[in-house]
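6 protein chains.
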Amino acid sequence: DFQRALAEVQPAFGVQEDTFEKCLPNGIVDYGATHRHILQTLRLFSNQVRDSDRTPLLSVLLEGPMGSGKTALAATVAVATDFPYIKLISPEDLVGFSEGMKCNKILKFFDDSYKSPLSVIVLDNLERLLEFVSIGPRFSNTVLQLLLVLIKKPPPKGRKLLVIGTTSNARVLDSMELVQSFNATVTVPLLGREEVAAVLTKLEAFNPADIPKAAQAVDEEGIGIKQLLMVVEMARADVDDSGKISYRRFVECLKDCGL
Amino acid sequence: DFQRALAEVQPAFGVQEDTFEKCLPNGIVDYGATHRHILQTLRLFSNQVRDSDRTPLLSVLLEGPMGSGKTALAATVAVATDFPYIKLISPEDLVGFSEGMKCNKILKFFDDSYKSPLSVIVLDNLERLLEFVSIGPRFSNTVLQLLLVLIKKPPPKGRKLLVIGTTSNARVLDSMELVQSFNATVTVPLLGREEVAAVLTKLEAFNPADIPKAAQAVDEEGIGIKQLLMVVEMARADVDDSGKISYRRFVECLKDCGL
Amino acid sequence: DFQRALAEVQPAFGVQEDTFEKCLPNGIVDYGATHRHILQTLRLFSNQVRDSDRTPLLSVLLEGPMGSGKTALAATVAVATDFPYIKLISPEDLVGFSEGMKCNKILKFFDDSYKSPLSVIVLDNLERLLEFVSIGPRFSNTVLQLLLVLIKKPPPKGRKLLVIGTTSNARVLDSMELVQSFNATVTVPLLGREEVAAVLTKLEAFNPADIPKAAQAVDEEGIGIKQLLMVVEMARADVDDSGKISYRRFVECLKDCGL
Amino acid sequence: DFQRALAEVQPAFGVQEDTFEKCLPNGIVDYGATHRHILQTLRLFSNQVRDSDRTPLLSVLLEGPMGSGKTALAATVAVATDFPYIKLISPEDLVGFSEGMKCNKILKFFDDSYKSPLSVIVLDNLERLLEFVSIGPRFSNTVLQLLLVLIKKPPPKGRKLLVIGTTSNARVLDSMELVQSFNATVTVPLLGREEVAAVLTKLEAFNPADIPKAAQAVDEEGIGIKQLLMVVEMARADVDDSGKISYRRFVECLKDCGL
Amino acid sequence: DFQRALAEVQPAFGVQEDTFEKCLPNGIVDYGATHRHILQTLRLFSNQVRDSDRTPLLSVLLEGPMGSGKTALAATVAVATDFPYIKLISPEDLVGFSEGMKCNKILKFFDDSYKSPLSVIVLDNLERLLEFVSIGPRFSNTVLQLLLVLIKKPPPKGRKLLVIGTTSNARVLDSMELVQSFNATVTVPLLGREEVAAVLTKLEAFNPADIPKAAQAVDEEGIGIKQLLMVVEMARADVDDSGKISYRRFVECLKDCGL
Amino acid sequence: DFQRALAEVQPAFGVQEDTFEKCLPNGIVDYGATHRHILQTLRLFSNQVRDSDRTPLLSVLLEGPMGSGKTALAATVAVATDFPYIKLISPEDLVGFSEGMKCNKILKFFDDSYKSPLSVIVLDNLERLLEFVSIGPRFSNTVLQLLLVLIKKPPPKGRKLLVIGTTSNARVLDSMELVQSFNATVTVPLLGREEVAAVLTKLEAFNPADIPKAAQAVDEEGIGIKQLLMVVEMARADVDDSGKISYRRFVECLKDCGL
Ligand SMILES: Nc1ncnc2c1ncn2[C@@H]1O[C@H](COP(=O)(O)OP(=O)(O)OP(=O)(O)O)[C@@H](O)[C@H]1O
Ligand SMILES: Nc1ncnc2c1ncn2[C@@H]1O[C@H](COP(=O)(O)OP(=O)(O)OP(=O)(O)O)[C@@H](O)[C@H]1O
Ligand SMILES: Nc1ncnc2c1ncn2[C@@H]1O[C@H](COP(=O)(O)OP(=O)(O)OP(=O)(O)O)[C@@H](O)[C@H]1O
Ligand SMILES: Nc1ncnc2c1ncn2[C@@H]1O[C@H](COP(=O)(O)OP(=O)(O)OP(=O)(O)O)[C@@H](O)[C@H]1O
Ligand SMILES: Nc1ncnc2c1ncn2[C@@H]1O[C@H](COP(=O)(O)OP(=O)(O)OP(=O)(O)O)[C@@H](O)[C@H]1O
Ligand SMILES: Nc1ncnc2c1ncn2[C@@H]1O[C@H](COP(=O)(O)OP(=O)(O)OP(=O)(O)O)[C@@H](O)[C@H]1O
Ligand SMILES: [Mg+2]
Ligand SMILES: [Mg+2]
Ligand SMILES: [Mg+2]
Ligand SMILES: [Mg+2]
Ligand SMILES: [Mg+2]
Ligand SMILES: [Mg+2]
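Chains as they are written, first to last, in this note's numbering: chain A, 1254 to 1512; chain B, 1254 to 1512; chain C, 1254 to 1512; chain D, 1254 to 1512; chain E, 1254 to 1512; chain F, 1254 to 1512.
It is possible that part of the hints are untrue.
Because identical chains share one entry, a pair is satisfied inside a single copy or across any pair of copies.
[As the list claims (entries may be wrong)] Calculated lysine-lysine pairs in the DSS-like style (CA-CA distance at most 25 Å, straight line):
{"hint": "1", "residue 1": "LYS1497", "residue 2": "LYS1361"}
{"hint": "2", "residue 1": "LYS1479", "residue 2": "LYS1358"}
{"hint": "3", "residue 1": "LYS1508", "residue 2": "LYS1455"}
{"hint": "4", "residue 1": "LYS1479", "residue 2": "LYS1406"}
{"hint": "5", "residue 1": "LYS1361", "residue 2": "LYS1406"}
{"hint": "6", "residue 1": "LYS1406", "residue 2": "LYS1508"}
Hints were generated in silico from the structure; no laboratory data involved.
Next comes chain A alone, as it looks inside the complex (with noise of 0.2 Å):
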């Protein structure tokens, strides 16, 4: 049903349980070969940290439209390493702090990984960590030259860190030479409107003959899973006999959001 297919990934959860649980407000779906792709590379990072001497620091850069789940998925992944020291540094947790209290904040979250033999780092939304904006541009040059420094200085002997960052403006950090500074970029592309109708099976909140259908409803250019799930949800105060969503009243929410 729909609580169980939302449970599908559900990590226990660490350090710091709290904020990477609300990262995951619907848990993970599996919508297909490009969600598993990305899980993979991954995965792949952190056992190279784990496993090698030689590489005592990796990081990647999840990029990527807002809401296709690069939040979710830097959670998940940070998780599942299970390193003792899992930070995840979000605009959230940052708020109404001066530059300078960020900054000191960024560093000293980066000096405590370098005391646990593992670490993973979240820099999560990275263009509000920098405090962009395109008008101007205006950001924190302050943060920005302690991400370039801190995303490729390695931890001291015998200690290992994977940084993950996130970002919805990769065009604009690579001006930044921050995608660069990065070992590797991962994109999290929109949902095709094939990806949506394997969520909706999966939801099991419509009925089968109308998944296709409203499939097909969604943009051309795809939808963010964090905006399919909203929709659905909106949709479900209006379900008919058999508990399902209607397929008009979920085409009215896509409307209403502006989808």
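We have chain A; now place chains B, C, D, E and F with the ligands onto it with these hints.
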């Protein structure tokens, strides 16, 4: 009569009564289908927040020209939710505060909302909260970054929050990625001549025969409900024997106000 | 005679007498229809504030070239309202204050006005209050944002406020959305040759025969009333036997002042 | 002889003698009609301030290329007024002061002037007072806004003030609306060849036969009186038997100074 | 074997051992003529400083793409000088410091060097020391001006100093006149396919037969030695029976890292 | 021999010996007519200051490419004046100072100079004193405005001052009106091949037969005397049996230094 027409919607104010009352100096006049559709969409979002546990945070942006009625509608809907925590964050209340203090205030209001099971926050006149001016352009990136995060940050477990924003400069907010941070955008347009006639009829301040002519005097691009009510009020200073506003007087007042 | 002509309008000053008096060093000369229409429009707004309870806040912007008489008119109308609280906020009184202190002062004057049942505030020379300079351009966004809010913020229940602004740079204020924040804009133009003749006649300082020639000497684009009165005054240093200004002298003074 | 020629105008210095004396290291040489017309116009303004009660404030701007004699003329006229308060505000005296302190000083001098029945203030080298540089361009908007107001602010009742400004960059001051804030602008040009000959003749340092040739050696666009006097002085280091400067030497010195 | 190949250059670290060791996590592999020529040129400069009394200050800039081996080379040469004062100034050690403190630190290191008869200072990653970002562009002019002076300032009598800078953005440093401030510039290029083959051969981690194919898989524009060694290390996670890296695995890792 | 050639000009240093000595690490080699003409012009100005009472302040700007010998010439001339107060204001001595402190220092040196009957101040490397960088461009307007005033401010009565500035970026100083503030500008060019030959001959470090070839190896656009002497010094590390530098070695060193 005039008074009664304006009193059509007379909400029982919950929290922060004075402030919300100030947003509705002339009540809410139902000027037709557009008006009702806006209200209905807003209600859909507030119901969803109240009823579903999987959408603890929803946000809607009301955008439209100066005086089209955005603040009045946001206030009306906010009060109508009957949520235990209702807060209007208005530039008027933050006048004279530094950027930093504005941020503190805004942050405080969101933190307060997180303590209530159901909350609604109105961010009124976003371009003013951001201290935006198109020369430069300049604005407070500190406030912007705060809002970009707060609008997307889910409340703690078991809490639910509806955020309503208003702006008359959606194009700029879009280039700040602020529009995209809202789950949905609703446009509040100027009143066309038919809608003007509907309002004038409800107000009962004209001779019915004058109403079509008066509506025709309005600019083809439409007029804000706020400006329309002001011009009517100015024209009332000079009524004929029947106590009705003269058409000529109405047109003069339109012109004096550059409408 | 000269003195009497200038004394045509000799207002009994209410509050803050000295300041307002300074704005009218040469009284108000009625130079014709344009002048009377401006005064009438301004009076319409002040009456509306006084008489209607539904328009507790009205704002008018006086715009026109340097020296066209904006400050003198604003002062005249403000004093003529006979409202218990009358305040002229002038850059001259804020000279040497920091941006922040200027804001505090302005805010204080508005807060004071909210304590009086009827108030009028003149914001004289807005581009100077904003510290505007077209190179850059630069200006105080702090003062601007304050004014953008205060000009639209209704006074508390039972209080009424008329705001009169003056500027010789409406184009810039328009791009700051400051013009649109006023309910109406009134243009105070330069004096054409006919109006110059009217003023010279009233002043009785010329031989009637010289007046048409003198008026013709003025630039085709017109002349500000302030500059006209200054040139007349300079020319008076050299009068003929009849005690009248010579036409030649008048023209020389025009030229010395680059008019 | 040389000394006497330079001593032609030897003003009896009133207030602040030293400063004004420094502005006239080489006295004032009458080089012809242009020079006399400038002096006459300036005198017109100072007489007007002294004699009329209706023009308590007048302001004149002296503009012209580097070294054309603006400071010397302003000082000469200021001293010649014999007003009880005479003040030269020069960048040299404000060297090393912060923007804020400069403003305080300037404000203080104007406030002092308001205590004297008759005052003259020279604002020497306005682009330097404004800390202007064309790269950027950059300047002190704080000083600019202060001057824009002070130059137009009438002194208190019964006080009279003449303001003389000097600048070699009127174009920039114009785009700052500073030129328009003065009641009149007077141009101090470079010396043409005829005027150069007049000066050289008065100085009696050349063989009369050499003077036309020497004047011809000067750049077609003219030369500042300041530069001319310096070159003559340099050439005097090498005089012939008759104690006269040789033409060749004069030309060499011109060239060494890039003139 | 692998270990031995990497250990080819195993310098005995003098001063500040840890830091320099960190710059050589994988030792120095001799990949051919280019490599040897770079080392030779650097040695020429260090010998000149040591041997001549007329060149007490020499400075060399190592420039080349990210990962081409600049830091490792600079560290190797610095240590090889065996000068009593050796200092690596790296952005990693200045992380979290303000502009001012960075300057103090840098100044301190230079002052310390002036106390030693023979010193070498490495300014690693100059664009990072300068906090440069191409958006804007922005950078610390304070640090820049300090470096522009220090790089050209001769040590006190009897002291000698070699300065080695590294950068991956010589074009920008050139427009800052920083490149010109060095006495010489040496380019550290990416490895071509032949050089890649040389490295892979030395590492003995491939089947000799696979080496040409593996080298061919590398981008035509070349690869940094740093990236090459990292990819080899990642590929080693999956070796065949003979303990050698499979060609396919190597190619996959190249692709995962976007190379 | 070599030593003697360099010692050609060995000034007896007056005030601040160490600093001036540092500017002449390689003495002054007379390389021909250009060199002598520069020295003569500078001497003309210093004599004029010393001998005439009507030119108490003169200022000269030495401009030319990096390494052309400006600082050495300024120091030589300054010392040769034998004035009681001689001061070299060099960026090297102001390293690590804030803008404000730099201004204080500079101001102090000028104030000190005003106490001596005869003074010479060298403002070395003006673009560095101004903290100029062409990206932006950025520079210290505070220092600039100070210099613009100080360079033109005559010393007090009875005092005399010669100001010598040096710069390798006259174009920028021109756009800052700094060039125009000097009374004269003297260009110090690169050495042409003939002048290079003259220097090499004087140094006696080559086989006479090699000198024309060596001079020919120099870039057509010329070479700075500073770079030339450095390259010679580097080439001396490898002399033949006769103790002379080999032509081949000289060319290699030129190339290593990118000349
Ligand atoms: N396969 C999946 N991958 C990612 N997220 C998934 C997947 N399946 C379900 N989800 C859910 O979708 C949502 C993805 O939202 P998430 O915040 O991770 O997106 P995002 O790309 O980080 O958004 P933003 O650009 O706004 O930061 C989460 O609620 C997560 O629980
Ligand atoms: N149907 C309606 N919708 C909105 N406002 C209405 C309506 N009927 C009457 N009003 C009145 O019209 C006015 C609308 O003004 P409001 O301040 O809400 O406009 P606004 O779009 O927020 O203006 P601004 O762009 O200046 O912020 C209020 O006085 C409100 O009482
Ligand atoms: N009809 C009139 N309207 C306005 N001013 C008049 C009139 N008749 C005479 N005056 C006199 O003309 C002068 C107008 O100057 P005022 O300072 O008001 O002009 P302004 O437009 O505000 O100038 P600025 O653009 O410099 O602020 C005053 O001295 C006033 O006494
Ligand atoms: N007729 C004259 N007018 C002005 N200055 C004269 C005249 N005759 C002689 N002088 C002398 O010429 C010099 C003029 O220099 P001054 O500093 O006034 O020029 P300036 O235009 O202010 O220069 P700058 O543009 O550098 O400020 C003074 O030394 C003054 O004594
Ligand atoms: N011949 C070589 N030259 C340079 N480095 C080598 C060489 N052989 C092996 N290495 C290893 O290659 C790596 C080069 O990395 P290094 O950090 O020096 O590159 P970089 O150009 O400074 O990179 P970045 O541009 O990121 O600063 C080091 O781990 C070093 O041990
Ligand atoms: N004729 C000469 N003129 C100038 N310098 C000479 C001459 N002969 C020998 N030298 C030597 O040449 C060097 C010139 O260097 P200097 O620092 O003066 O050049 P610069 O133009 O100031 O360089 P930069 O542009 O880097 O400031 C000094 O070491 C000086 O001793
Ligand atoms: Mg995210
Ligand atoms: Mg509103
Ligand atoms: Mg005015
Ligand atoms: Mg001057
Ligand atoms: Mg490096
Ligand atoms: Mg130099």
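Regarding LYS1361 and LYS1406, is the shortest C-alpha distance of 25 Å or less found within a copy, between copies, in both, or in neither?
both (14 Å within a copy, 23 Å between copies)
Evaluate LYS1406 and LYS1508 at a C-alpha cut-off of 25 Å and name the case that applies: within, between, both or neither.
For LYS1406 and LYS1508, only the inter-copy Cα distance (23 Å) is at most 25 Å; the intra-copy one is 47 Å.
Cα distance capped at 25 Å. Does LYS1497 pair with LYS1361 within a copy, between copies, both, or neither?
So LYS1497 and LYS1361 fail the 25 Å test inside a copy (49 Å) and across (41 Å) alike.
Homo-oligomer pair classification [LYS1406, LYS1479; C-alpha up to 25 Å]
This pair counts as between: shortest inter-copy Cα distance 14 Å, intra-copy 33 Å.
With identical chains treated as interchangeable, where does the CA-CA distance between LYS1508 and LYS1455 reach 25 Å or less: within a copy, between copies, both, or neither?
Close inside one copy (23 Å), not across copies (32 Å); limit 25 Å.
Within a copy, between copies, both or neither: where do LYS1479 and LYS1358 come within 25 Å Cα-Cα?
Intra 29 Å, inter 30 Å, cutoff 25 Å: neither.
Of the numbered hints listed earlier, those contradicted by the structure are 1 and 2.
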